[in-house]
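Engineer: Take a look at the letters that make up each chain.
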Amino acid sequence: MSPRVAVPVYPGTNSEDETLRAIHAVGLEGTLVHWSAGASGLRGFDAYVLPGGFAYEDRVRAGAVAAHDPMTDAIVEAAEAGKFVLGICNGAQILLETGLVPGTGAIRRPTAAFAPNGPSGRFRCVHVHVKLQVPTSRSPLFAGLGEGAVIPMWAAHGEGRLAATDAELARLDADGLVAFRYSDRRGATSDAAVPNASALGCAGLINARGNVLAIMPHAERDAWTYMHRDGAARAEARGASAAMLAPSGGIALFRSLALALGVRA
Amino acid sequence: MMRVYDVALTIPDNEAYTALTALRRMGVDVARVERGDVFVADVALGDAEALDATFRTLETLFNPNKHRLAIREAAGPLPGEVWIAPLRDPEPPTAGVIVAGRRLPGTRALLRRTVWRLFDAHDRFVSGETLDAAVAGLLCNPAFQLALRP
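Here the protein sequences line up with chains A and B, keeping their order.
Take the first sequence: its position 85, counting from 1, is numbered 91 in our numbering, and each next residue is one higher.
Take the second sequence: its position 132, counting from 1, is numbered 375 in our numbering, and each next residue is one higher.
What the hints contain is simulated information worked out from the structure, not anything from laboratory work.
Note that this is a predicted model, so its numbers are computed, not measured.
It is possible that some hints are incorrect.
Which bits of chain A does chain B cover? Going by a derived footprint, with three or more residues having C-beta under 8 Å, they are [to be verified]:
(1) 71-81
(2) 170-179
Here are the computed distance ranges between Cβ atoms for each label pair [said to hold, decoys possible]:
(3) Arg115/A x Asp295/B: 35 to 45 Å
(4) Asp23/A x Pro322/B: 43 to 53 Å
(5) Asn20/A x Arg311/B: 25 to 35 Å
(6) Ala317/B x Glu153/A: 53 to 63 Å
(7) Gly237/A x Arg311/B: 50 to 60 Å
Backbone N, C-alpha and C define an ideal beta-carbon position, used for all residues, glycine too.
Given these sequences and hints, build the entire structure.
Structural biologist: Printed below as a string of structure tokens:
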């Protein structure tokens, strides 16, 4: 039987179907769980992927109200039990608001945030690449990625700038909690590659235990060849529908999750 | 000089209601929540009245069909209030402040804060301890926000 992965759907979540599709594509059994199911409806899964969107319309602050949703209690329990939890975009914002990531403070006492984008504060939708900054041995979630893997994704958010005190940022950097940084397609990191003035050029954070990953750009929106902005990949597949519809690019993140759960490609 | 515009909804505020629900779920003893925006303008002395007049016509900030506007003397929170501000305000624009395509007369900076007022079952401001719990648990993320109290 395939490992069971829950995709929690809060009021305002909007990326659950693409996320579920990517989960199925890598051999996992995915299930949408709506907020009305409460914490009990979310217990018993092998892993959790929090999708993007605008949970609770980002009221108060992106991810803040969802972090207090009863359903989130089950995610906190699962993370503390060592299960894998992946948050994408709004899912990442929720994980930071719960304090599960970076995990340097108490639960629901955040020590970092994905704050309004700099410098304009405006929503941005832009194609990006992210580079793995830590050794793949750092977490089973990275075991399916190559060292320094560069993954294409779409960034689409108004609040994706990592913010924390200077001391906390230094700690995140020193302790290997910055899992992904924005880069160019060859993996070169620079300020120019960062779409939102995120501190440390950070695109994704992981907790010390290595089982909870929060990443802002959407891997699931660049996970099939026809989705790629890079025209070369699409040109190669032109005229071959199977190749055009094949998973590639951002699917690597989901493949690595599947591998962590014992599913071999 | 500083000019302070307090903008509050006159129609039901879904965000305040969501905050109320979340706070109650957290165990914070609160019966009613009000939320609004406060705009703090740094305006040249002779331009304050012109800015008042302009502000009243900027529907992206103040829409008379759903907001009330009060002009305050003090550029800080009143008793019972908490203002949520960014830890670091953006640099003021060098060429003056433009909102919705309109230049604000004599204005060097316009800062936005969210103001929260929490009330108990007797419609009095909640205690300082209750407000502290609400701020720490929900209203302010200290990683990038500051809670300003009187």
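Engineer: Are the hints correct? Go through all of them and say.
Structural biologist: Here is what the structure says about each hint:
1. 71-81: holds (count 3)
2. 170-179: Result for this restraint: holds, n = 3.
3. Arg115/A x Asp295/B: 35 to 45 Å: holds (41 Å)
4. Asp23/A x Pro322/B: 43 to 53 Å: holds (49 Å)
5. Asn20/A x Arg311/B: 25 to 35 Å: Distance hint for Asn20/A, Arg311/B holds at roughly 33 Å.
6. Ala317/B x Glu153/A: 53 to 63 Å: holds (57 Å)
7. Gly237/A x Arg311/B: 50 to 60 Å: holds (53 Å)
Violation of the numbered hints given earlier is absent; every hint is satisfied by the structure.
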